[in-house]
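Q: Take a look at the letters that make up each chain.
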Amino acid sequence: MSNINWSRQVFDELKRLDVRQVGYVPDAGHKELIRLCVADAQMQAVSLTTEEEGIALVAGAWLGGQRGVLLLQSSGVGNCINMLSLQHETRIPLLMIVTMRGEWGEFNPWQVAMGKSTEEVLEASGVYVYRADSAEEVTPSVVAGLSFAYNTGRSVAVLIGQRVIGTKNFNK
Amino acid sequence: MSTQRVLESELNRRSVVARILRDRGEALVITSLGNPTFDVAAAGDVPQNFYLWGAMGGAVMVGLGVALAQPDKRVIVFVGDGEMMMGLGSLATVAVHGAKNLSIVVIDNEHYAETGMQPAHAGRGVNIDRVAQAVGFSQACMVREAQQLEGAIETIHGGEGPVLTVFKVTTEPVPTALPPRDGPYLRSRFREALLGSEAHR
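Line by line, the protein sequences are chains P and C.
For the first sequence, the positions run 2 to 173 when the numbering used here is used.
For the second sequence, the positions run 8 to 208 when the numbering used here is used.
So here's chain P without its partners, still in its complex pose:
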């Protein structure tokens, strides 16, 4: 794995691009980014009971004049499908940063279903999908995705490949 600290880079860019609300569900891949957002006094990090809450939260943030992003895992994308109709129908901007499971060297077979279908499900729901399969690609993809979303009023998901995150070790 690369030594690039993409979590720190992404956090710095979210700050620079004036993201003020960050919805998240607990996720090992996003652990460092979540920690940075929670610790930041200018950001409101909102822990969610389920991912679709974050779709609605980020829409509300923008209605109220703030930018938001949603941090989630591929397994949670399926929970969001109907809620994505909110952005689809109103053209409210949305950026989701999705860490992938169920692909590169996965141990847990129950992660495979959403790992396989995440990209197609998002595209079928009207979301523009950017993929980052190396640590170098993560930050530029987030910056481009956020700019596209907020400049054009579209929904974007940046998928961070499991190859970047590393395969979860269940035999610790």
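Careful: at least some of the hints might be erroneous.
Said to hold, decoys possible - Distance ranges between label pairs, derived from CB positions:
1) ASN152/P to ARG26/C: 41 to 47 Å
2) ALA25/C to ILE82/P: 31 to 37 Å
3) GLU33/C to PHE171/P: 52 to 58 Å
4) ALA125/P to GLY132/C: 35 to 41 Å
5) ASN152/P to GLU121/C: 32 to 38 Å
6) PRO110/P to ALA184/C: 47 to 53 Å
7) VAL103/C to GLU107/P: 30 to 36 Å
8) SER135/P to PRO187/C: 43 to 49 Å
9) GLN155/C to ALA145/P: 50 to 56 Å
10) LYS16/P to GLN155/C: 44 to 50 Å
11) PHE171/P to GLU179/C: 32 to 38 Å
12) ASN152/P to GLN55/C: 22 to 28 Å
13) GLU121/P to GLY123/C: 32 to 38 Å
14) GLU152/C to ALA42/P: 24 to 30 Å
Said to hold, decoys possible - Think about it this way: if two alpha-carbon atoms lie no more than 27 Å apart in a straight line, the pair counts; the simulated BS3-like pairs of lysine-lysine are:
15) LYS107/C to LYS80/C
16) LYS16/P to LYS32/P
17) LYS117/P to LYS16/P
18) LYS80/C to LYS16/P
19) LYS16/P to LYS107/C
These are computed hints drawn from the structure, not numbers from a lab.
Virtual Cβ for every residue (Gly too), placed ideally from N, Cα, C.
Since the structure of chain P is already known, use the hints to place chain C on it.
A: Positioned in the frame of chain P, the structure of chain C alone reads:
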């Protein structure tokens, strides 16, 4: 098996919503799909209303996003009891993040009126105000009688949030009142009313 009760209420949903909104001042209003949207529209369609025509279960979280972004404005979310059951988790999220300026008004007729009056959980023993209390709301109560109305409305507009108020209402039919449903129009007029020219940057 059935724990269905006869709805004990004298309140008319349109009158309750209109009475709450009479005192809205600068408040921002979010509505859930179906009758709560029509109730709020019937009381006066203004740019500070954002109606959800779908995205069921999301109205409270839209309200939280607005409330966090606009801490100096009161944000009132009008939802049906069916919508609230679909988004129960969002009550916990709201309580944990403690938006002091957020009020949730549940218009509870104990039925899914929009889809053929199927009985809903709220009429079968589920008390949404008690759910709100259990997850940590500052203030949560149920209103069944006209004499309770004034005190409850004062709390909705000025009480320290998050506030949740359940209004038990009758199922008597109300006239149709359909507001605009074009999404980009609704979002842009809401933002322009709130942010002025900044809305278009």
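Q: Now, for every hint given, state plainly whether the structure supports it.
A: Hint check:
At about 42 Å, the beta-carbon gap between ASN152/P and ARG26/C stays in the expected band of 41 to 47 Å. Restraint check, ALA25/C to ILE82/P: a C-beta distance of roughly 35 Å satisfies the suggested window 31 to 37 Å. For the pair GLU33/C and PHE171/P, the beta carbons lie near 53 Å from each other, so the given range of 52 to 58 Å is met. Against the hinted window of 35 to 41 Å, the Cβ-Cβ separation of ALA125/P and GLY132/C comes to about 39 Å, which satisfies the hint.
Taking 32 to 38 Å as the suggested C-beta distance range, the pair ASN152/P and GLU121/C conforms, at roughly 37 Å. Restraint check, PRO110/P to ALA184/C: a C-beta distance of roughly 51 Å satisfies the suggested window 47 to 53 Å. The hinted window of 30 to 36 Å between VAL103/C and GLU107/P holds, with their beta carbons roughly 31 Å apart. Between SER135/P and PRO187/C, the C-beta spacing of about 46 Å keeps the proposed range 43 to 49 Å intact.
Here the CB-CB span from GLN155/C to ALA145/P is close to 54 Å, well matched to the stated 50 to 56 Å. Between LYS16/P and GLN155/C the C-beta distance comes to about 47 Å, which sits within the given range of 44 to 50 Å. The supplied range of 32 to 38 Å is broken by PHE171/P and GLU179/C, whose beta-carbon atoms lie about 58 Å from each other. The hinted range of 22 to 28 Å is satisfied by ASN152/P and GLN55/C, whose Cβ atoms lie roughly 26 Å apart.
One distance hint, 32 to 38 Å for the beta-carbon pair GLU121/P and GLY123/C, holds here, with the actual separation near 34 Å. At roughly 45 Å, the beta carbons of GLU152/C and ALA42/P sit outside the given window of 24 to 30 Å. The hinted pair formed by LYS107/C and LYS80/C meets the criterion: a straight-line CA distance of about 10 Å does not exceed 27 Å. A distance of roughly 17 Å separates the Cα atoms of LYS16/P and LYS32/P; the hinted pair therefore holds under the 27 Å criterion.
For the suggested pair LYS117/P and LYS16/P, the alpha carbons sit about 32 Å apart, so the restraint of at most 27 Å is broken. For the hint pairing LYS80/C with LYS16/P, the CA-to-CA distance comes to about 25 Å; that is within 27 Å, so the pair holds. At roughly 25 Å between alpha-carbon atoms, LYS16/P and LYS107/C fall within 27 Å of each other, so this suggested pair holds.
The structure is inconsistent with the numbered hints 11, 14 and 17, although it conforms to all the rest.
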